[in-house]
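Engineer: Sequence:
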Amino acid sequence: MKFNRPHLLIALAVSSASLFSQIARAEDECQLTLATNNVSFGLFKEDDIVDTQKGWHQMPSREVNVNVYCPETQTMALFVQARAGEKGRFYFGDSSGLALRVSQMVVDGKNYSVAKTIDRTQFVPEGESGESLLLHNNEGIIAMDNQTLVSGKQMNLTLKITPVLNNQQFTQSADVTSLESDLLWEVVTKPQ
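Under mature numbering (1 follows the signal peptide of the UniProt record, and there is no 0), the residues of the sequence shown are numbered -26 to -1, 1 to 166, in order.
Check before you lean on any hint, since a few could be wrong.
Stated by the list, open to error - Capping the alpha-carbon separation at 25 Å, the derived lysine to any residue pairs in SDA-like fashion look like this:
no. : residue 1 : residue 2
1   : K28       : V98
2   : K90       : F53
3   : K127      : I92
4   : K90       : N120
5   : K61       : K127
6   : K134      : G71
7   : K127      : G71
8   : K61       : W30
9   : K61       : G101
10  : K28       : F15
11  : K61       : D119
12  : K164      : T7
13  : K127      : V98
It should be emphasised that the hints constitute simulated quantities derived from the structure, not laboratory data.
Let the hints inform the model, and build the full structure from the sequences given.
Structural biologist: In structure tokens, the structure reads:
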């Protein structure tokens, strides 16, 4: 496939550090830390495309380490909100998407499966848990041991962020176009 534009400037802003701190304090003094608050993909060129399906182009991913620390042992869920389409897929710019994959769930130094929830009080899991999962808007992630919620003081995970651009981004863009997506993260806890 040939594109009319030489490249796209892609930037992903993942909110600011102060926003994360305010949210975490609202939940029993828990702290949310991301390895970086701003993930930049730099300039993309046609050669950067990893895979193409039905006019959608998967671009190279970036990984961000996420850490949640609470002073007391409790069950934790990490929810995400952003501008999204009707199926909960995150927008990246006006017409492209952003895929978020969560993996490597560790609570208090032990590996666990990761599951999704939309329940902000009891954290009832939706679907099966696994080693990794795709996260959509207004969903939370929880650690699971078999079919049981895991409690602890510290939760670590890896967030893989993948831009998925449609043909319009290449054919109807100026020579350089900036794409952004702001993600709002919220720690919700349930005491023992």
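Engineer: Indicate, hint by hint, whether the structure satisfies it.
Structural biologist: Each hint, compared with the structure:
1. K28 - V98: Measuring from Cα to Cα gives roughly 35 Å; hence the hint is violated.
2. K90 - F53: 9 Å, holds
3. K127 - I92: 22 Å, holds
4. K90 - N120: Status holds; Cα separation ~14 Å.
5. K61 - K127: 33 Å, violated
6. K134 - G71: Distance of about 14 Å is within 25 Å: holds.
7. K127 - G71: The given pair, whose Cα atoms are some 33 Å apart, is violated under the 25 Å limit.
8. K61 - W30: With a Cα-Cα distance of about 17 Å, the restraint between K61 and W30 holds, given a limit of 25 Å.
9. K61 - G101: 16 Å, holds
10. K28 - F15: Answer holds: K28 to F15 is near 23 Å, not above 25 Å.
11. K61 - D119: Measuring from Cα to Cα gives roughly 28 Å; hence the hint is violated.
12. K164 - T7: Roughly 19 Å separates the two Cα atoms, so the pair holds.
13. K127 - V98: Answer holds: K127 to V98 is near 20 Å, not above 25 Å.
Checked against the numbered hints listed earlier, the structure breaks hints 1, 5, 7 and 11; every other hint is satisfied.
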